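Trainee: The residues making up each chain are set out below.
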Amino acid sequence: MNTALEGALYRAFHLNPCVAVHELRMRMRGWRPFGVLLAYSCIACGAVLIALIPITLGQRYFGRELFQVGRIAFATLAHTQLTLIMLILPAYAAGAIALEREKRTLEMLRVSLVTPFDVVTGKLIVVLAFGAVLLVSSLPVAAWCMMLGGVAPDEVFYSYSYLLMVALFVTGLGMLLSAFMKRSTGAVVATYGILIAIGVLSLVVPGTLLIRTMPTGGPAAFGPVAAFGGTLVLGLITGWLGFLLLRALLQRLLGRNRAGLAALLAILVVLVWMWYLMRPSGAVFQGIENSQVPWLMVFNPYAALSSVMGGAFAQFVARGPGGPPAGGAALTLVIWAVITGIYLLAGAALWAGAVRVFARRRD
Amino acid sequence: MIEIKGLTKKFGDLVAVNDLSFRIERGDAFGFVGPNGAGKTTTIKMLATLLIPDGGTATVNGHDVMKEPEAVRACIGYMPDFFGVYDDMKVWEYLDFFAAAYRVPAQKRPQLISDVLDLTDLSHKRDDYVDALSRGMKQRLCLAKTLVHDPDVLLLDEPASGLDPRARIEIRELLQELVKMDKTILISSHILPELAELCNKVAIIEGGKLVLAGDVKEISSQLAGGLRLIIRTSNRLEEACKLLAERPEIASAELGEGCIECIYRGPEGQQHSILTCLVQAGFQVQSFSEEAADLEDLYMRLTEGLGT
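Chain order of the listed sequences is A and B. Quick note on numbering: numbering that gives the first Met the number 0 labels position 322 of the first sequence as 321, and the sequence is numbered without any gaps. Quick note on numbering: numbering that gives the first Met the number 0 labels position 243 of the second sequence as 242, and the sequence is numbered without any gaps.
Because the hints were derived from the structure by calculation, they are not lab data. In this text the structure is predicted, and so the values were computed from the model without any measurement. Note that the Cβ used here is the ideal one computed from N, Cα and C, for glycine as well. Any given hint might turn out to be false.
[Claimed, not checked] Selected chain A positions facing chain B (Cβ under 7 Å, derived; list incomplete):
#	residue
1	C17
2	H21
3	R24
4	R31
5	T104
6	V110
7	S111
8	L112
9	V113
10	D153
11	L332
12	R355
13	R359
[Said to hold, decoys possible] Stretches of chain B that chain A covers, calculated by requiring three or more beta carbons in the stretch to come under 8 Å of a beta carbon on chain A:
#	segment
14	108-121
15	172-185
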């Protein structure tokens, strides 16, 4: 790396960029990153093509206007990208530190003069940069959707900036667990487990309300059957992961058998409590007004994406292309700012946490 | 240069290192000897700031390993007993990465990398991938990485373990080069003949406790009750042996296989008086030598009766 740039980075951020350079050399070499990029672009294109089937079949867009088809195609692209980002980046981030520990290369790094901040930040920047490359690679597809009308440039900006913040959040989470756990497999499983848990819990609580009150223009992807089935399957996985995590935490205090029993009881108590809150006459259904629903959406990445895009979508539905603004632009901006801000802060907190955990561990 | 006082490390109920104390001066090649599980690696890891001691103090170049870990890291080169290598990385990139990690300025790195590659005889492998190197070459590369920031102190944990005889000899020659370069070396091993040729000082550790530490020759001399001399004459070997046994500075003299093995207890540096005596008595002395300290024998004697 250029000496001047190295010096400038060190002076400005106290960051030795050697770990980032090293990660770039290792991760961007060979066919793998290009394979991932190709697969990512193909899946994004494929999803949009499926959304455009009404046009290709020439059936008058199933009663929709062309701009509505374009909007649905863009929403499909954004949601597909969200799924891909949450699938790809944890695998890179969660292995970043734990894999070095596993391969016994971390020891030599620890006795050098690189700081925990250099290591975690260097690795995080590279994973995040790869996420950004993936997102940028889909911009031509987004332009394709925009050509059909119904998608404004600000919507593209809102959704892409949100996706970048989710990438930061997911990378930060993976990095934290990678710094904490001994094995890379464990870190990867735990990262996916927590993401699934966040998804499930955020669906279980406000999800049903979200489905009921979602704006017509929004991509109402969650049918009640899908939500129930998904919750059941994912709930079992989350419950099992929660049980393992609790048992591991309690094991030192109570011993393996007692810790297992205590973890099982705790999971059962949580389930009963959730059922109590979720029953039709319970606090969740009675206590939450429809107007509050968008703010609950923030905890579910998909719902948050719909929310970020929903305001603008709703306006387009109301006014049609070229129609007068529906007066909700300011609200949309606020929703975007709050939601992306929350993900940004959460990502930064996880990043800082990863640095701290890495500094404290001695292996 | 390295000073350890009462160093202790526990892992749960297991005391891995128990009240360990020794001192290594600048330019010493210090052999750290002990069986597997004796506490050698734990001690080296504490010196390398990778483990926090539970008791005692350790300083490297005057820097406390607990209070000034960064200063300690700057002046040590650490080579672990087992290390992994990065995939998809070339030899020069590997060294460049560690040079950057030690904050060596970018403009100095190319020359530095060439120098350490020359020293470790890996210049021809500069553009090869690290994971394609043989075990011996990887070991030499790791040593090159250890030297990339020109540290004063080298902590080498079993640097020749798992190598074939040729690779072992190459590593030993390389270490001898480093001794000549006035580096302070702490080298752990349980392969004693290797250390005997390299080290001027030795510490023997067993079950986390220090059994003995000091100059190899002195320890050997103390244990044997004096310096061990081997003398060969071309005539009257038995008579010569008898004459030597009568000398007050000779503790014992025995006939060996075509030679006389005797223990000298006289003033240090005055061994030549024995040779003069033999020559004056008309014996044709063919060889007169001091037997090199047999570290293996020394170790066996010292650890006799201690459980492993």
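Trainee: Using C-beta distances, would you say chain A covers the segment 172-185 of chain B, given that this needs three or more residues below 8 Å?
Mentor: Answer violated; 0 residues pass the 8 Å Cβ test.
Trainee: Against chain B, run the beta carbon of A:R31 and see if the smallest gap drops under 7 Å.
Mentor: violated (9 Å)
Trainee: Quick check on the hint: A:R24 CB to chain B CB, less than 7 Å?
Mentor: holds (6 Å)
Trainee: Should the hint that A:L112 touches chain B count as held when the rule is a Cβ pair under 7 Å?
Mentor: holds (5 Å)
Trainee: Minimum Cβ distance from A:R359 to chain B below 7 Å?
Mentor: Since chain B brings no Cβ nearer than about 11 Å to A:R359, farther than 7 Å, the hint is violated.
Trainee: Regarding the hint that A:S111 lies at the interface with chain B, is the smallest CB-CB distance below 7 Å?
Mentor: Holds, because the Cβ-Cβ distance from A:S111 to chain B comes to roughly 4 Å (cut-off 7 Å).
Trainee: Take the shortest C-beta to C-beta distance between A:D153 and chain B; is it under 7 Å?
Mentor: Violated. Min distance 41 Å.
Trainee: Per the coverage rule (Cβ-Cβ under 8 Å, at least three residues), is the segment 108-121 of chain B covered by chain A?
Mentor: It is violated: at least three residues are needed, and the segment 108-121 of chain B offers just 0 whose Cβ sits closer than 8 Å to chain A.
Trainee: A closest beta-carbon separation below 7 Å is what the hint needs, so does A:V110 meet it against chain B?
Mentor: Hint holds; A:V110 Cβ to chain B Cβ min 5 Å, cut 7 Å.
Trainee: Can you verify the interface hint for A:H21: is its Cβ closer than 7 Å to any Cβ in chain B?
Mentor: holds (5 Å)
Trainee: Using 7 Å as the Cβ threshold, decide whether A:V113 counts as touching chain B.
Mentor: With a closest approach of 5 Å, the A:V113 hint holds.
Trainee: Hint A:C17 vs chain B: min CB-CB distance below 7 Å?
Mentor: holds (3 Å)
Checked against the numbered hints listed earlier, the structure breaks hints 4, 10, 11, 12, 13, 14, 15; every other hint is satisfied.
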